[in-house]
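Participant: Residue-level listing of the chains:
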Amino acid sequence: MSWRGLLAGLASLCMVSSMANAAITQQEWAEYSARFVSAEGRVVDDGNGGISHSEGQGYGLLLSFLGGNRPDFERIWSFTQRELLLRDDNLAAWRWDPNEKPHITDLNNASDGDILIAYSLALAGAAWKEERFTTSAKSIATALGRSSVFAHQDKLLILPGVAGFGKDARPDGPVVNLSYWVFEAFPVLDQLGTGTDWTDLSRSGVSLLEEASFGSRKLPADWISAEASPRPATGFPAEFGYNAVRIPLYLIRANTGDKELLRRLRDGMTKEDGSIVLVDFSSGKETAVLRDPGYRIISGLAACVLDGTRLPKDLQTFAPTLYYPSTLQLLALAYIREERRECL
Amino acid sequence: MSVSFAKSVSVIAMSLVLAAPMSLGSDPKVATDDAGDLILAQAEPSAPAATPEVDESALRYFARQGDTRRLEIEIARLRALYPDWVPPTDLLSAPPQTDPELDAIWDLYSQGRLAEVRQKIAERQSADSGWSPPADLIDRLELAEARERLINASDLKQYDTVIKVASEKSELLTCSEVDVLWRVAEAFAQTNREQRSFDTYRYVLTNCENPNERLATIQNASKNLSRSHIDELLKLERKTAGIGEFEPFRDDLARAVVAEAGEDEKVVVPAEQLTRLEQLAEREKKASDALLLGWYYLRRENIDPAEKWFRQAFEAEQTASAARGIALVLIEREKFADAEGIMYRWRADDDDSRSVYLAAVANLLGTEPRPALSPDVLSSIVTEVAAAKDVIAANQLGWYARAWQQHETAKAWFNLALQWKSDDEEAAYGLGVSYFQLGQTAELAAMKQRWQGRSERIQLIGTEAQAPATTAPMVTPPQTATAAPQTAAPAPQTVQTAPDVRVRDTSAAPPRPSTSAPQVATRAPQTRSSSTSYRRGCSDFVHPETLAPEAALARGWCLMDLNRPLEAAQAFEVALRSRTDRVRSDASYGQSLAYLRAGLVNEAAVAATKARQEPSRTIELQTSILAERALGAFERGRYAEALLALDQRAQIAPERVDLMVLRGYAYMKLNRLGDASRVLEAAAGTGNRDAIRALADLRNQLNGQ
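Sequences listed follow chains A and B, in order. The numbers in UniProt numbering rise by one with no breaks, and the one at position 257 of the first sequence is 257. The numbers in UniProt numbering rise by one with no breaks, and the one at position 68 of the second sequence is 68.
Keep in mind that the hints were calculated from the coordinates and are not lab data. Heads up, some of the hints might be wrong.
Unchecked claim - Now the in silico label distances, taken between C-beta atoms and shown as ranges:
id: 1; chain 1: A; residue 1: 216; chain 2: B; residue 2: 191; range: 48 to 58 angstroms
id: 2; chain 1: A; residue 1: 310; chain 2: B; residue 2: 135; range: 15 to 25 angstroms
id: 3; chain 1: B; residue 1: 142; chain 2: A; residue 2: 168; range: 21 to 31 angstroms
id: 4; chain 1: A; residue 1: 255; chain 2: B; residue 2: 53; range: 28 to 38 angstroms
id: 5; chain 1: B; residue 1: 142; chain 2: A; residue 2: 46; range: 40 to 50 angstroms
id: 6; chain 1: A; residue 1: 321; chain 2: B; residue 2: 68; range: 24 to 34 angstroms
id: 7; chain 1: A; residue 1: 321; chain 2: B; residue 2: 111; range: 24 to 34 angstroms
id: 8; chain 1: B; residue 1: 111; chain 2: A; residue 2: 154; range: 47 to 57 angstroms
Unchecked claim - Here are the simulated lysine-lysine pairs, DSS-like style, with alpha carbons at most 27 angstroms apart:
id: 9; chain 1: B; residue 1: 223; chain 2: B; residue 2: 239
id: 10; chain 1: B; residue 1: 448; chain 2: B; residue 2: 389
id: 11; chain 1: B; residue 1: 157; chain 2: A; residue 2: 138
id: 12; chain 1: B; residue 1: 448; chain 2: B; residue 2: 421
id: 13; chain 1: B; residue 1: 157; chain 2: A; residue 2: 101
id: 14; chain 1: A; residue 1: 101; chain 2: B; residue 2: 239
id: 15; chain 1: A; residue 1: 259; chain 2: A; residue 2: 271
id: 16; chain 1: B; residue 1: 239; chain 2: B; residue 2: 157
id: 17; chain 1: A; residue 1: 138; chain 2: A; residue 2: 155
To be verified - Take a look, some chain A residues computed to stay more than 10 angstroms from chain B by CB distance:
id: 18; residue: 26
id: 19; residue: 77
id: 20; residue: 153
id: 21; residue: 191
id: 22; residue: 288
From a predicted model like this one, the values you see are computed outputs, not experimental measurements. Glycine included, every Cβ here is placed at the ideal spot set by N, Cα and C.
Just chain B, with the same shape it has in the complex:
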């Protein structure tokens, strides 16, 4: 302990004297403004009319005890009270203590046993009526009591009490009690006095020296002050060797805003902060920082940087979160197998990881042409889908098996999906199709009975009107395929080759027009661009019924992007309940497109009438619907109906060349060869190769006759 210690106390409480400038002269300690508020003001030193006698007994006691911290506080306090006072240099060479009883009281004080200090003072006074405690002891005691009371009140959020105590004991508000200053600042902020709160923080950053406390002060302030006030405080930053003391805070600020933006795409991150975090992540290579950036970019559909940061995070630390990020990027890039691969290790870690894994799986299974997956991959998919009882993925496994002509396996999966969710229409439809495929007519009839009035397409299974099973288009299985899908079965099953009862005569089938629904659907309406088509937002499996109409609309478009039209149609159905005309109109349009893409033309036609459409959309939908209808009729051999649809379509839109070709084939089928020749010649005149081929077919037919 030496005098140099005293010198280290450079900032003094005097400037924190709580007083309105007007009232400073008389009693600077207790002053409030008219509203009873505490005022932090730069106090003028009180006029040194008479040099006060400074009680240094506490100072000497603390010096003797080697209690550095209390000595420091006491020096600060005395300086605040007596600006002209200079700390004595002979603290240790003070006269020997002659009052052991008082020493004992100081001892209690320094142990924080304040109630007993009160008790001992009163005891000594009642024993010795001539004795009065040193003023300094009482000052110290009152200060310590007030400090404890203030902290207790602050812990209980009794902010009025905090401010009341602080204004009664302004000496508390010194740099040696930064915690008290923070609590006072918080109390101001919590009682709608942000300016006062700001003043308090500003006081600390203007006057207090401790670097850790300064940094903690700006961090603490950020919890209580608005951004503009924080910016003001940041101007008080000090620099050492060119490096600002608040750099770590600025880093945290950047992290916080990027993290928030990673949750909400509407949050705008100032470029300065984004760059700061990117540089930080490059420099320090912390996985957590890279992850924040990954989610930030993914949320904004900025896939390249998202992938970069997720991969850097993964490199720094292999976590489920980083894996999820990479997998979502891969899903976005339609690299579903890779997404499945990276998520495999984390698939059971938590709900998020499982749902990303299943999203990868569902997408992978739904890829067209259906990929041949290795037994290992299929086996892990099967395990996870079964563990998660994931209905949508189970349905996908059903369609997948069906695509490989494994109808028993498909049936097993649809059955399972229906067990998990008895009202799942897609599972029921898939099961019905399987029954039909396997010739189980009784089961199919029972199924239709159960779904009477609830699903038109289930009623249509096996009838002529039925469109091809859209979620499982007929795919010729590759030669090697038979082995793989077996593992897709939940239980070992004998794979039977069921007769394909829907063998079509393809000899004269026209090339399927390349336009029609799917292309139309990519022309999504403007509402899509409101960033709601973010795929992460629908690659999970939310039941559309749980969504608000607006959200369901966004999800519908998102599902369309993922080429999951039947789920999209369900989402649009929910969106149709909106009270907003625009949302209903978009939903009707979307649902119509979705059914068109799914090949459900009648449903598409119904959907198109569910809400009022702009004329341009009505025409767009009608032309698509009629084209699909014509095509479907042709495929079913109903050539007159095909022509009827084409005629209707021609009334609202010019006939495309591919449809002219279709018309030509229809005429040929109906033996109207003259009509066929006329239309096909016109079409071939455009140089269209299908038309030229059709014309050759016609000539063959004419020659054959």
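Isolated chain A (complex conformation):
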């Protein structure tokens, strides 16, 4: 049983804390934070012009929590709250640019960022018995549920952002992004009492993933029209891209247990040498081949979960590369150390 399922009782909360310490080593977090977290608590997306965003702040909070580093968690949260959590509806503005004033250059939210922030705050609030964190977690999750979670044709969906994705906002709306379903967060959000059925949302995400199988590689698109049966949304690149690449990681970390789905995704995205492909559905061509350990570990992790295959040695060592793959690698390592030590 993972720590993620153990939030109900006080005793287990202590375990959360101690197990979290084991998930990411002090050394790993120190390297990650030295490279990607500024002194002011800003998680810098160095692959994206040095901007910051709510997703990055959310990952920073989650990883510092998993690394057991409360001082850094405090630092990142302080920045997040003061600089991003400004919207009238209690959600985070998604884009922060160091070179602009005001720094927020897009006031829209990104629901995965909000989920990651609320989820990390809920974990930290429970583990460290800090009411500040729990209160904010509940406020964000409640606002997100109210503004962005909605029923559509018997399925509960979540908008990628409050503005611009709904039924009326796009010709083939609603448009969703399945990599914004941070599956592991939903049971935790459910316990906050937000008035939203996050478990139901989780189910519809898996169900959509089962349907979203495009191209010869049978992969989901980053942006999907949920107007009828899922298809790549118009107005977005029809591709399996940097967004969707993390979906198997999210499925595994949440222990959703759908091996068939996981196998299809793993097979579709993995080349023979273990590198990861991004695919353009309209041409059928590969748009990129990703060899960063942070991407390859997703496939390796899937192999471990599906077939008990050991994780290649070079993926077990963490050395920061770029913000995004480095984040994914630490999340993968944290899982395998907690749940699948036999693959190490």
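Assemble the complex: chain A is given as a structure, and chain B must be docked to it using the hints.
Facilitator: The following block gives chain B in isolation, referenced to the frame of chain A:
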């Protein structure tokens, strides 16, 4: 740093505690009303049941650091929290610091590195589980975080967040954070809670001392509050040596309203504010203030004060704007040459200046009798008209040249105007007249072909029915004139004296009746008085097609005032498209008058039927039209037609003496001498000199026979 410093903090945050009066007792810091609104209320001091232990560590830290501003804020904050608390007098003689680690955290705090303060506190707590941060540090930190968050949200116009943060951290709302108070006030105003916004500003002006911030507060409030609330706030003004602290604001207010009124004549400026600005302008002699007044008066057709203020502005600072103002005044006074003169220097500065310059030029050229302009002036006019490709001014140059019998030059200008605007009827007409004048019959025929069905008067060029070219009446050129207009040519040209093929036999021509159209036209209908005849509104060159019917109507009357009847007729044509009966009726009337003034009687008659008229206007127009028709027929030697028109006119209006004289001459021409004698004797009986002269002519004719 001394204790006296602490005393300077006289206004305390306590009264800003955000609480509904009912809920004050328990927790005065976090209180909202039922709607979740922030309430600014005078808080009662909480019951001093137990004297709280006041944490003065921050105070002492700031004192040691010499951080005056933060010390001041901290004293204000502590007083707000603990009304009975008295700032210690021994801030500097405090016990030596024994906690360098905490000092380091305070250091981060005072540098505004708030995230790191959080980090260091957590680090120390995880290293030393027995340690907890001073309550004061946490209070200060939370306050600073809230302040930043509030400012960020305010910058992003997230006003609900601003109010939420302020209501959670009411200690923010103190005189030492006036900027925060302004932002909260703005957030209230922007979320339709003006009363709350007003309360916030009132709080500042009631409690806060800093003179600069007080003045800035009323200025800031004026952006968010209604006039009546501003007036309420102005009552909180303090006076030093009899001078109110808000005087500069009142001055700005007067400037703003006069400036607005300078753009829109419907804006009414209270006398008090107008006087204030006038006194200010007299006292300080700022060009900008005088200009505001100039435009204000000009917009209201109050020419004398407008000129005074424009000239004062020009004296203070020679700017294009002041020059434009003076030039427009001069145009209004029909001193077109002076207007041209003052605008000359600024003519190319910007679009406005160029258009005022060209307005002066067009008026100057169109003046009758045509003025003899110096070669210098003409040369600069030519340069500017050519640079601006100004069709109307080019046409005026054409008519001007024609008036001086320089038909080749006139032709060149009309040609140019037509190149710039191929569908300009006036240019085509002018060119056609020039062709006719120069005997270029093939070109004239081609021109008529091109304008078939589009312009009646072009078809009539050279025919008997053609009225005199109205925009260029025959003016006998003065002896000296030949040299000057040459420069009016866009390119050097040989000035030819074309034969004037329309030589008229003037020997028996009656004196032109002084009445008829132009006089009638000055009796403009009431719609004119709606201040739309402001000349500045039509001395520029707006294409009438771009106007709404109402505006075109106003412009038509305005052009009539400028004696530009053909342009007026075009404007009235646009106005005729109105859906309003009244506008159409006025437009029809105006257009008829315009054609009458231009001598286009047939067009005037057609125009008069384009919309229903009041009976009185119908009679007015018909009598004018028939009088013009009679006159025109007489001038063309069609005496029977002249008499027919006079008879028709006599059926609807009594015959004027001048028309009786015309009738007499017509009878004479038709050799109906008895009729002539009868009517001229009756006319001469009124003592009319023209009638007496006509009677003498008749007797000469009788004697000659």
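Participant: Hints first: check each against the structure and report whether it holds.
Facilitator: Cross-check of the supplied hints:
| no. | hint | in the structure |
| --- | --- | --- |
| 1 | A:216 x B:191: 48 to 58 angstroms | 54 angstroms, holds |
| 2 | A:310 x B:135: 15 to 25 angstroms | 53 angstroms, violated |
| 3 | B:142 x A:168: 21 to 31 angstroms | 41 angstroms, violated |
| 4 | A:255 x B:53: 28 to 38 angstroms | 51 angstroms, violated |
| 5 | B:142 x A:46: 40 to 50 angstroms | 32 angstroms, violated |
| 6 | A:321 x B:68: 24 to 34 angstroms | 48 angstroms, violated |
| 7 | A:321 x B:111: 24 to 34 angstroms | 33 angstroms, holds |
| 8 | B:111 x A:154: 47 to 57 angstroms | 55 angstroms, holds |
| 9 | B:223 x B:239 | 23 angstroms, holds |
| 10 | B:448 x B:389 | 25 angstroms, holds |
| 11 | B:157 x A:138 | 24 angstroms, holds |
| 12 | B:448 x B:421 | 17 angstroms, holds |
| 13 | B:157 x A:101 | 13 angstroms, holds |
| 14 | A:101 x B:239 | 39 angstroms, violated |
| 15 | A:259 x A:271 | 19 angstroms, holds |
| 16 | B:239 x B:157 | 35 angstroms, violated |
| 17 | A:138 x A:155 | 23 angstroms, holds |
| 18 | 26 | 12 angstroms, holds |
| 19 | 77 | 8 angstroms, violated |
| 20 | 153 | 33 angstroms, holds |
| 21 | 191 | 24 angstroms, holds |
| 22 | 288 | 35 angstroms, holds |
Hints 2, 3, 4, 5, 6, 14, 16 and 19 from the list above are not met by this structure, while the remaining hints are.
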